[in-house]
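Could you put the whole structure together from the sequences, leaning on the hints where they help?
Protein chains: 2
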Amino acid sequence: MPSTPSRLPCLPVAVDVVALTVRDGSLNVLLVTRLIDPFKGRLALPGGFVTSGEDVGEAASRELAEETGVERVPGHLEQLATYGPKGRDPRGDVLTVAHLLLAPDFPVLVAGSDAEHADWFPVAEALGGTLALAFDHERILRDAVERARSKLEYSPLAAAFCGEEFTIGQLRAVYEAVWGTRLDPRNFHRKATGTPDFLEDTGRVSSGDAGRPAALFRLADRARAEPGRAVLNPPLMRPRPL
Amino acid sequence: MPSTPSRLPCLPVAVDVVALTVRDGSLNVLLVTRLIDPFKGRLALPGGFVTSGEDVGEAASRELAEETGVERVPGHLEQLATYGPKGRDPRGDVLTVAHLLLAPDFPVLVAGSDAEHADWFPVAEALGGTLALAFDHERILRDAVERARSKLEYSPLAAAFCGEEFTIGQLRAVYEAVWGTRLDPRNFHRKATGTPDFLEDTGRVSSGDAGRPAALFRLADRARAEPGRAVLNPPLMRPRPL
DNA sequence: AGGATTATTGTCAAGGTGACGATAATACGG
DNA sequence: CCGTATTATCGTCACCTTGACAATAATCCT
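Sequence order for the protein chains is U and X. With my numbering, the residue at position 131 of the first sequence is 140, and numbering never jumps. With my numbering, the residue at position 163 of the second sequence is 172, and numbering never jumps.
Treat the hints with caution; some may be incorrect.
Same chains, same label: a pair holds when it works inside one copy or across any pair of copies.
[As the list claims (entries may be wrong)] In silico SDA-like pairs for lysine to any residue, Cα to Cα no more than 25 Å straight-line: (1) Lys95 to Asp46; (2) Lys95 to Ala74; (3) Lys95 to Val82; (4) Lys200 to His85; (5) Lys200 to Met246.
Simulated from the structure, these hints should not be mistaken for laboratory data.
Next comes the structure, spelled out in structure tokens:
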């Protein structure tokens, strides 16, 4: 049984998860509608308080599973940053450890109206102010998107948005959605296939889509083992935002 | 008066600071000798518990000032990551928000033997196991060094290790100390002076050292305003570790 | 079958990097 | 005072990567 040292100053500690995915060519974020105060009825990042005996990463994983109804949420989960504890919750000081999930577009279970349920929303709307997120969640989302954008430059994490196997075109679509830019398919193909320890040809090809069938790739073992490592070296350069 | 919401699970929250500097051509870290249990007598990162009414960044700043005896510690302070709360403190669950300070080599006040005082130690020794840091501080230090190394690749933060004004040679010495490599002085000079929004020539020159006097530079306004922004684009590439 | 669409392979010029020569300007030892 | 050691700065050159874009291949759709 985990003990809590007494006689030490103590704070409520929460975790929040910014779960990002690519849907219909644009970046989306998982949000829940709050059923209780504070911010009752407003949209917020999925999250909750850390319970005793778990590390913050485990708490983030647990909350994500609880609020999506998905037992083993796919994708890459990493810690983002810690916010607070001052002035971010009307109930008082609350520290929150934000996490970032980069995941393929998985279906969330839509619960009945009596349970808090999560759904995907375009990041552009969430940051546009039209959705009015609870707490400081808009700021956290903004940081998360920036982190995701810069991670794609040098790490193999774009693949976390795809399934186990994917085509170069799908991978490029991830970059275009996250960066909000267009990339030249030919130059992207050259960089993606030419980078050592990044992709592995499965030998199979995709089918059913429009156009010529594309070769299916998966992450190289090295890239899967260390998802944060800089394999794109020199990095893939992010073009002008327009 | 900041309130703490009741009826919420609660954790002791600490901050730790990995303060790095360059001394005698090698990377050093600020450590304190613990005067109380747990880990009494062992070396540890400066840090302490977050007190009510302050954000974690403020707490890190305050602890740093308290343990060094320096009122306004110079350099660049940023959040590193959050660790725990499970299994890192023998007293029980304690969450710690680690911070990273990149600073010029400032003198620490050496207090009497009855007060906890900080001093600089070579990172190589601290990570070599010879110093046996308290808690999970060796792991935190390892992460901090890796963060610092990668930040130098694309951000102007190397200048945080220097004073207000510095020569290209001093800046290069920072890179060599942090990365543990040698860099070609001519190519480094070309990259440093050729990168827009990075350095600003002060017009003055250094003197007194060996060799030809060097031009003194300072950080460009743009780089000082956003110390984390990627100005080195494409990044400065880190050579083989040996 | 013909057109549309996406994948892949190349070509080429421009820009950045790594390796290294050459010169400049100062401190120091004799 | 002079030659030497040391560090700063400027240049050169081959090589690599990128950005722009032509050309061909292999499917789907109508």
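So, going through the hints one by one against the coordinates:
| no. | hint | verdict |
| --- | --- | --- |
| 1 | Lys95 to Asp46 | within (18 Å within a copy, 30 Å between copies) |
| 2 | Lys95 to Ala74 | between (28 Å within a copy, 21 Å between copies) |
| 3 | Lys95 to Val82 | between (31 Å within a copy, 23 Å between copies) |
| 4 | Lys200 to His85 | within (23 Å within a copy, 35 Å between copies) |
| 5 | Lys200 to Met246 | both (11 Å within a copy, 18 Å between copies) |
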